[in-house]
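Engineer: Based on the hints, put chains R and U in the right spot on chain L.
Chains as they are written, first to last, in my numbering: chain L, 1 to 231; chain R, 1 to 293; chain U, 1 to 358.
Since the hints were made in silico from the structure, they are not lab data.
On a predicted model such as this, the values are computed, not experimentally measured, just so you know.
Incorrect hints may appear among the rest.
Partner residues aside, some chain L positions facing chain R, computed with beta carbon under 8 Å [stated by the list, open to error]:
id : residue
1  : Met1
2  : Ala2
3  : Leu53
4  : Pro84
5  : Leu93
6  : Gly102
7  : His104
8  : Arg105
Facing chain R, from chain U, some residues (calculated, C-beta under 10 Å) [to be verified]:
id : residue
9  : Gly62
10 : Val66
11 : Gly117
12 : Ala121
13 : Val134
14 : Ala256
15 : Val260
16 : Tyr303
17 : Gly308
18 : Leu310
19 : Ala313
20 : Val314
A virtual CB, placed ideally from N, CA and C, is assigned to each residue, including glycine.
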Amino acid sequence: MALFETRELTAFYGDFQALFGITTTIDAGEVVAIIGANGAGKSTFLKACAGLLRSRPGSIFFDGADISGERAYDNVTRGLVLVPEGRKLFPSLSVEENLMVGGHRRRGRWTLKRIYELFPILAERRHQPATTLSGGQQQMCAIGRGLMADPRLLLCDEISLGLAPIVIRDIYAALPAIKAEGTAIGIVEQDIVQALAVADRVYCFQEGHMKLTGRPSELTREAIHSAYFGT
Amino acid sequence: MSDTILVWLDTILQGLLLGGLYALYATGLSLIFGIMRLVNLAHGDLIVAAAFLILALAEHAGINTVVAFIISLPVMFAAGYALQRWLLNRTLGEDILPPLLVTFGLSIVIQNALLQGFSADTRRLPLGSISGVSVPLGGGIAAGVMPLLSLFAAVAVVFALNQLSYRTRLGRAMRATSDDAETAQLMGIDNARIYAVAMGLALMVCAVAAFFLGSRSTFDPTTGPARLIYAFEAVIIGGLGSLWGTLAGGIVVGIAQTIGARINPEWQILAGHLAFLVVLVFKPRGFFPRAFD
Amino acid sequence: MAGPTFLRTHATAFRIAGMAIVAALLVAAPAFASRAAMQDLFFVFTLLALAQYWNLLAGYAGLVSVGQQAFVGVGAYALFAAALILGWDPLIGILLGGVAAALVAVPSALLVFRLRGAYFAIGTWVVAEVCRLVLAQVKALGGGTGTSLGPEITNHMFGAKWIAGLFGVRAPAAREIEVYWLALTLLIGTLGLIYLLLRSRRGLALAAIRDSETAAVSLGVDSFRARLTIYVVAAFGTGMVGALIYLQKARVSPEAGFSVLDWTAYVIFIVVIGGIGTIEGPIVGAIVLYFLQDYLAAFGTWYLIALGTLAAAVMLVAPRGIWGYFAERFDLQIFPLRRRLLAKADAASVTGSDAPST
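Same shape as in the complex, but just chain L (with noise of 0.2 Å):
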């Protein structure tokens, strides 16, 4: 049984439909990329999961069961972390505390102190207002904040948008760490080369519809391309 599914996922914003019927599935321990481009829904869909967007029953499980009318404070309790895109971390907070609020419902194997070993940097300016950091720091400091629920399901949204390559490199680095406790990563790019090297498996979205599933090995160039921007 899969970790996570969704089952004909749809989203709508008002009169504007987002998602159309969308169906992917995510085991434990593995890393599933979204690629897609700009308007894709990626957000909207990782937004879905998390339980910030009311969804029809029988449109996504967890475990097996159907989450789809839960509202995302009560989803981190069975570990459906979201990291939303844009960091989202609380000015008013430093970055202890920002850590620390992440840990507000639910708390696990992920301490502050192995936090820090992970990104050590944090620990460093852990006293500051966390929107003193650099943008590379702040997502470290998101994904950390993410990881105090002791996530089963860690979703990520666009975790490189506006960060040089060197930077995106360290964050990325991080991720066999997470994996190794177990951890199932969905993760929302726009860079396709980093996800497709670090994925086990990818799904492609275009204007809301679901367009390409597989292996990174098993999907051509070409066969990318068409599903991304369409022909």
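Structural biologist: Frame of chain L, contents of chains R and U only:
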């Protein structure tokens, strides 16, 4: 010391003590606005309602007023929690009209419910002889015990709320929710509950304000709106987002009023309003805007 | 950019005919209505006019004021001052009331526009309190207890004699009729002014500001000037109505003239219950209030508790009020303000609604 200086020192002292009471009125308002950007137009009426609650407990249940006050604290917390959870949470959102108009309606309802239940007579909280006691401070100046206590209470309340805000898990959750309610949900924080708890805390502060209001002066069902205005002036003068600022703002209003009263007793309240308008002209963001305590 | 075109249909003709008939009946009312009925209508007309101005501010400009009693009181006092101290005819006093209110509005706007949302609202309340407290110090106008207009002034208003002759009545009755007609005139003028204002470019600008200020400003709309204009216009109108109201009562005091309950609470209730943001809404609300008042006023506090609860409930459940609810259901308009976009020359039109979606 010359007489004039003594008179003015006394005026400032009385203003300081009055300001403590105004700060108590304002702290709840400031707290709620800080967390959920809600201004409750019924705030003053809730203070008066708390005063009547204490009065009812003291008179009808025959309890000592101080004990009645202590009992009123959890009652007001529960009332605030319920009010926010089941009514005011529904008004939160992009549109400014619902919270304004619903709380305005609430204000009218509370005033008239109190009129219906308690009549329009002015009341005081029965405190026995302590309400008349003063502490002499030298030079013929004296400070009343209750006014002194209200100033201490104001400081204590602000201190306690800041401790809550910065040293507790709940406080962290509140600050996070105030920053970004949606992302706070991703941390497992239920916004609706946080807002309800915040309103509960605010109404507890209202109960404290009510106790000191009733012990220093009289009140009746229609005195709510004036409290709201003083509270509001204190918050604006102090600057939005800072509880210590609100305390300072309350003191400014208090001192302005006592100075006005010293010149002409009929000018007391007007002086407070004028001070507020002057600050609005020259420092529209207040003295301590969004200062981190 | 092709502008929208306005299609004239038979509906418009019916509307105009209907309004003309109602207006004619109301004008002729003194001939057949009782004094009590005219007094009731006076109450409805003046409250409705006040409600329209409040609605203009809140529903259209997004400026929620709980301080409009400032202008009622200022207008009233201006009339009393003009009549008692300067010896001017009360009719001029009404106009003066509007002017005085507008003059107070300008500096007060500069102050309260520094505040937003609910703080703006309370700020307007503070301004009203300041006006009240200041006027309470003016001994020439009765100080804290207020003052009256004697019959030697009110019975000799311009036109009173002519009305007395026309209807064959004595001075006090003629005064009642004159005051009634003045109220009707002010109301019609108010409705007309607001309708024209909202149909104009200013009105479009207002709607834009209300819906999204940043977007509007980026398109060149001068938000401050637009809001200031509306605020002063509303103050002017409110001042005139206030002057008229207290001319009818012939007695004013700071507490009465600046009463939050009479001049803000009831006004807000009318607009909210009837339907905010439309011209028809307050009309419905005023009618509802009138009947409620008739049946429930005897119950004092319960009546107000009911009103407050009703207003809060309407805001939560049907935020567009009674009229708004039915207007949406049945697509009604009495004062056409929505602009219709036509696809070619089809009868099937897509309404470019001024109401915000989502």
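Engineer: It remains to establish, for every hint, whether it holds in the given structure.
Structural biologist: Status of the hints after comparison with the structure:
Because the smallest distance between the Cβ of L:Met1 and any Cβ of chain R comes to about 25 Å, over 8 Å, the interface hint for this residue is violated. Interface hint at L:Ala2: violated, since its Cβ lies 23 Å from the closest Cβ of chain R, which is beyond the 8 Å cut-off. At about 11 Å, the closest approach between the beta carbon of L:Leu53 and any beta carbon in chain R exceeds 8 Å, and the interface hint on this residue is violated. At a threshold of 8 Å, the smallest CB-CB gap from L:Pro84 to chain R is about 6 Å, leaving the interface hint in force.
Interface restraint check for L:Leu93: the shortest CB-CB distance to chain R comes to about 6 Å, inside 8 Å, so the restraint holds. Interface hint at L:Gly102: satisfied, since its Cβ lies 6 Å from the closest Cβ of chain R, which is below the 8 Å cut-off. For L:His104, the suggested interface contact is upheld, since its CB lies about 5 Å from the closest CB of chain R, less than 8 Å. Given hint, L:Arg105 at the interface with chain R, holds; its Cβ is 3 Å from that chain's nearest Cβ, closer than 8 Å.
With a least beta-carbon distance of about 7 Å to chain R, the hint placing U:Gly62 at the interface is held under the 10 Å criterion. Among the interface hints, the one on U:Val66 holds; its C-beta lies about 7 Å from the nearest C-beta in chain R, closer than the 10 Å criterion. Taking 10 Å as the C-beta cut-off, the interface hint given for U:Gly117 holds, the closest approach to chain R being about 5 Å. The restraint placing U:Ala121 at the interface with chain R holds, with a minimum CB-CB distance near 6 Å, inside the 10 Å limit.
Interface hint status for U:Val134: upheld, as the beta-carbon distance to the closest one in chain R is roughly 7 Å, under 10 Å. Interface hint status for U:Ala256: violated, as the beta-carbon distance to the closest one in chain R is roughly 15 Å, over 10 Å. Against a cut-off of 10 Å between C-beta atoms, the interface hint on U:Val260 holds, since the closest Cβ of chain R lies about 7 Å away. Restraint check, U:Tyr303 versus chain R: the minimum CB separation of about 8 Å is within 10 Å; hint holds.
Annotation: interface hint on U:Gly308 holds; nearest CB of chain R at approximately 4 Å, less than 10 Å. Given hint, U:Leu310 at the interface with chain R, holds; its Cβ is 8 Å from that chain's nearest Cβ, closer than 10 Å. Residue-level restraint check for U:Ala313 holds (minimum Cβ-Cβ distance to chain R is 8 Å; threshold 10 Å). This hint holds: U:Val314 has a C-beta 9 Å from the nearest C-beta of chain R, less than the 10 Å allowed.
Violated hints, in rising order: 1, 2, 3, 14; the structure is consistent with all others.
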